[in-house]
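Single-letter residue listing:
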Amino acid sequence: MPSPRFPIPQGTLDMLILQILSLEPAHGYGIAQRLEQISRSVVQVNQGSLYPALHRLEQKGWLRAEWKQSETGREAKFYALTPAGRRQLAAEKDSWARLSGAVKLIFEEGSR
Amino acid sequence: MIELFNWFRRRSLERALDRELQYHFDHRVADLTAAGIPEPEARRRVGVELGLAQVREEIRDVWLTRWFRDLLYDLRFSARSFLRSPGFTAVTLLSLALGIGATTAIYSLVDQVILHALPIHDAARLVLVDWDGDQVGGGFGSWNLMSYPMCRDLQRQTRFFDGVLCRAEIDVNLSAGSDPKPVSAEIVSGSYFSVLGIGPALGRVIEEPDDAAPGAGPVVVLSHDFWQTEFGGAADIIGRKVLINQHPMTIVGVAAAAFHGVDIGAVPALWIPASMYAQAIPGAEDLLRSPRFWMQILARLRPDFTPPQAQAGLQPWFKAWLQDNMLRPGFPIISADRRREYLASTLAITSAPQGHSPLRRGLSQPLWLLFAATGVLLGLACLNVAGLFLAHGSARGREIGTRLALGASRGRIGRQLLTDSLLLALAGGVLGVAVAPFAIRALIAFLPQDLAPSALRGTLSLRLLAFTFFASLIAGLLSGLAPALHAGGDSLVSSLRERAGTGFGGVHLRKCIVTLQVAFSLILVIGAALFVRTLAGLLDKGPGFDTSSLVSFTLDLGKNGYSAVDSVRLIDRIHDAVRVLPVTRGSGIARNELLTGGAWNGDITIQTDRRFTTDRLVNLNAVSPGFFATLSVRLLAGRDFDQRDSRPAREDGRACAIVNEAFVKRYLTGHDPLGARIGEGSGPDVKPDIPIVGVVTDFNYRGLREESEQAFFPISDKNQDFGATFYVKVRGTPEQAFQAFRGVVRNADPQLPILGLRTVEEQVTRSLNTERMLAALSGSFGALALLLSLIGLYGVMSFVVTRRTREIGLRLALGATRASALRLVLRDAITMIAAGIAIALPCAAALGKLVQSQLFGVTATDPATVAAAALILATGALAAAFIPAWRASNVSPTDALRLD
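In the order they appear, the protein sequences are chains A and B.
The numbering of the first sequence is the numbering used here, which starts it at 2 and goes up by one.
The numbering of the second sequence is the numbering used here, which starts it at 6 and goes up by one.
None of these hints come from the bench; they were simulated from the model.
Cβ atoms here follow ideal geometry from the backbone N, Cα and C, with glycine treated the same way.
Keep in mind that a hint or two might mislead.
As the list claims (entries may be wrong) - Covered stretches of chain B (in silico footprint by chain A; criterion: 3 or more residues with CB under 8 Å from a CB of chain A, positions within the stretch not fixed):
1) 62-70
2) 612-618
Stated by the list, open to error - Estimated spans, in silico, between C-beta atoms of each pair:
3) A:Gly62 / B:Asp31: 21 to 31 Å
4) B:Gly56 / A:Gly102: 34 to 44 Å
5) B:Leu76 / A:Arg87: 28 to 38 Å
Let the sequences and hints guide you as you build the complete structure.
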């Protein structure tokens with residue numbers, strides 16, 4: 002039986018992480034939960050693959066990490082967007098909009 | 006960069022990651038148990054969900070790219086394993102450091118002397134304009150000589166050139182408020198600094214108006230170094246008056262700091278405009294208009310032309326110019342044949358980003374030769390290290406076998422081995438760089454002393470470091486390649502089955518390496534033998550006259566403002582004083598110093614029963630009575646000059662001449678030389694009316710290698726003989742004589758500098774600098790090469806013997822004699838040595854053509870030399886092989902058989 006959820010397209014995970022963090026800083030587990038919620042079980046995100054993505058974004062300077070007390074009282078690593086990250090998110094949103102617009106156009110053309 | 010940083014803080018990164026993942030894990034488990042899933046099940050599920058091992062590995066890749074991380078681990082592993090076997094490490098490191106250090110040192114000289122472009126704007130567009138053909142007309146100086154009018158005419162060829170300059174190297178006497186001292190200078194056209202694009206550090210440089218008319222620019226520009234050393238960098242230097250050859254001139258500027266003139270071998274202290282030729286070059290006739298050749302012409306090519314294009318484009322102009330030039334005042338009258346040759350001359354334009362340099366011309370070939378030799382030496386060192394690595398590899402056979410068995414790929418292990426050698430080579434490179442400055446300074450000491458200290462530097466440049474880095478890298482790759490490939494090729498099972506110390510042999514490969522080493526070192530030993538024989542031959546031959554207790558010094562009176570007549574008079578007075586000194590046993594004077602590489606030469610017209618001109622230049626000198634006797638040069642016929650010859654009744658010309666044996670042999674066979682008459686020059690207007698009054702044995706004039714026809718005239722005041730070199734046979738130590746001579750000259754004129762006061766033996770040594778450098782360096786390279794290959798041979802033979810101990814023991818037990826065991830092992834060694842020699846001989850013969858011009862009295866394929874070199878090598882190699890062979894023959898059969 003095919004899974005009702007499809008795997009997340011390549012490259013979009015970074016964008017989703019940036020989007021989530023643009024609202025407020027969060028730790029890894031928090032981001033995972035938000036992803037789960039947003040995607041409403043449509044998009045399947047491997048929980049493990051979240052962390053390499055976070056570290057990659059941090060190394061690129063788009064995220065800044067900080068150890069802070071979490072809601073449970075334990076220290077957790079909180080990620081926040083840097084100005085560079087914010088710019089990157091805007092750029093990705095923009096190119097995403099253009100891509101999806103173009104794809105939509107092609108589909109409409111085909112169905113006419 | 007940040008990745009490298011991550012490597013050093015990887016421990017704290019790992020700890021933070023653990024905490025981060027643990028937090029996620031715990032939180033998730035807590036959430037799941039809250040949702041009613043039992044804890045063990047929740048833990049299991051989260052573990053699967055996260056895939057922790059995989060995630061960690063992926064994140065490590067984020068921190069540090071995989072190959073880089075592997076490389077760093079490999080490096081750490083290599084370093085640790087090297088520290089564990091310090092003996093092996095020291096030997097390999099030393100081999101590589103020697104090879105790399107020697108190559109770096111020689112390359113430094115190659116770079117400075119041959120390759121380095123002038124520190125000027127866009128040096129690539131600088132070209133040398135030279136004459137190809139019969140120049141006609143005299144000149145002075147050396148190499149690529151042209152006339153001043155020619156430079157002026159070329160400046161109008163603006164289609165091809167953005168600017169044209171001419172310059173000549175001269176010596177002047179400079180007095181700045183104190184006694185005059187000789188300094189080297191460059192006399193230059195007004196365009197010199199603007200064409201090169203060199204500005205002043207202070208004041209101004211020489212400009213066109215300074216060179217507008219004869220005497221127009223009594224100014225000098227100092228070099229930055231000279232300003233610093235002589236004037237202490239005085240800020241108020243501009244406008245100061247100095248005397249150049251006793252003529253007042255004004256310092257108008259200091260040139261930019263990095264600029265040292267266009268000739269690396271002759272660093273000028275100051276620049277003088279060509280308009281001041283009469284003051285700068287005493288006795289020179291109208292040099293600005295005459296067609297005499299005395300300057301080099303350099304030009305800045307327009308960007309849209311290549312040198313060959315400009316050369317082709319200028320030929321029509323040059324043809325017309327040649328015709329015009331014949332009309333110039335001072336152009337000699339020449340025969341029709343000569344005129345045809347003259348008119349067939351062409352202009353040669355060659356790229357000259359390094360400027361003009363006779364030093365480069367003389368040293369290029371020896372330096373490239375030495376560079377090639379160090380290349381071979383470095384190759385040998387690499388082979389040695391490769392051999393050592395193979396041996397080391399066999400000791401590590403079990404370790405490598407185990408790693409293979411545990412799943413390491415052969416590529417991965419090969420890479421590890423390559424990292425080993427690269428690390429070693431780079432460490433060797435660092436060591437090499439550390440010793441290179443000393444080696445370079447030692448090398449410079451071999452070069453002609455008067456120019457080396459100012460022109461060449463023993464410091465390391467960025468280029469040199471880059472070179473060393475690449476040399477080390479290549480050395481590392483070369484020495485690691487064989488072991489790395491080898492690691493990829495052996496069978497896993499066999500390497501595990503064999504015992505430690507015997508397995509993973511690569512004996513075949515090592516034998517090939519040793520054979521190559523033998524071949525390489527034989528080539529170097531042959532080269533060394535040839536150069537040593539050349540030096541020994543030259544020293545043995547000597548200059549053709551007796552140098553013992555002979556001291557010389559030079560006076561140049563023209564530069565102290567003397568006229569020709571006064572010069573000769575003062576020199577006579579000084580000579581009289583020298584003659585009566587208690588230290589003097591005999592003395593003579595020559596206008597030109599011997600064995601300096603230069604000479605006064607010209608064509609000679611000879612009148613016997615017919616009139617003819619010499620077919621090549623004859624070396625000329627003017628000497629005093631007693632000169633030949635002082636040098637113990639034998640008079641073969643006729644008489645020596647006497648006092649009457651020096652004061653001829655005639656207004657000009659020479660009273661009489663003495664020629665050497667070679668001159669007689671070439672031009673006067675079948676005639677009585679004493680009846681012949683000669684004249685200076687080659688034109689139809691030359692009157693051959695100087696009688697030959699004597700013949701002397703041959704001796705060297707320019708240098709020890711040269712054999713030439715020579716003619717001597719008496720020194721006289723009628724012939725612009727301004728300067729003189731005194732040759733004095735002395736009693737007692739040279740130092741006492743030096744003291745006495747200084748006193749005599751100071752008495753005669755306290756202002757007169759005394760030049761080149763030294764023993765003639767020292768002069769001989771100086772003139773053999775290049776030969777000495779080649780012999781000493783190739784000798785030490787040869788010895789090093791020999792040592793390296795003997796170590797290699799010894800190593801591989803010991804290894805073979807260890808491997809075959811059991812077999813030899815068996816043979817001995819079965820009745821073989823010790824001699825036969827010895828033969829068994831030595832046969833192997835002899836095969837390698839013979840194969841090495843067989844490879845080397847044809848290579849040496851082929852390379853011989855390249856070195857022939859540097860040799861003297863021996864051909865590059867001289868059988869005795871080659872045989873001796875091969876014999877030295879074979880003896881050494883056999884001795885190195887004999888030790889392990891002897892050990893093998895002394896194996897006790899019982900021990901050998903128990904060894905299992």
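Here is what the structure says about each hint:
Counting residues of the segment 62-70 of chain B whose beta carbon lies closer than 8 Å to any beta carbon of chain A gives 5, which reaches the threshold of three, so the coverage claim holds. Given as covered by chain A, the segment 612-618 of chain B fails the check, having 0 residues with a CB less than 8 Å from a CB of that chain where 3 are the minimum. One distance hint, 21 to 31 Å for the beta-carbon pair A:Gly62 and B:Asp31, holds here, with the actual separation near 29 Å. Roughly 36 Å separates the CB atoms of B:Gly56 and A:Gly102, a value that falls within the hinted 34 to 44 Å.
B:Leu76 and A:Arg87 have their C-beta atoms about 36 Å apart, which keeps the hinted 28 to 38 Å range intact.
Hint 2 from the list above is the single one not met by this structure.
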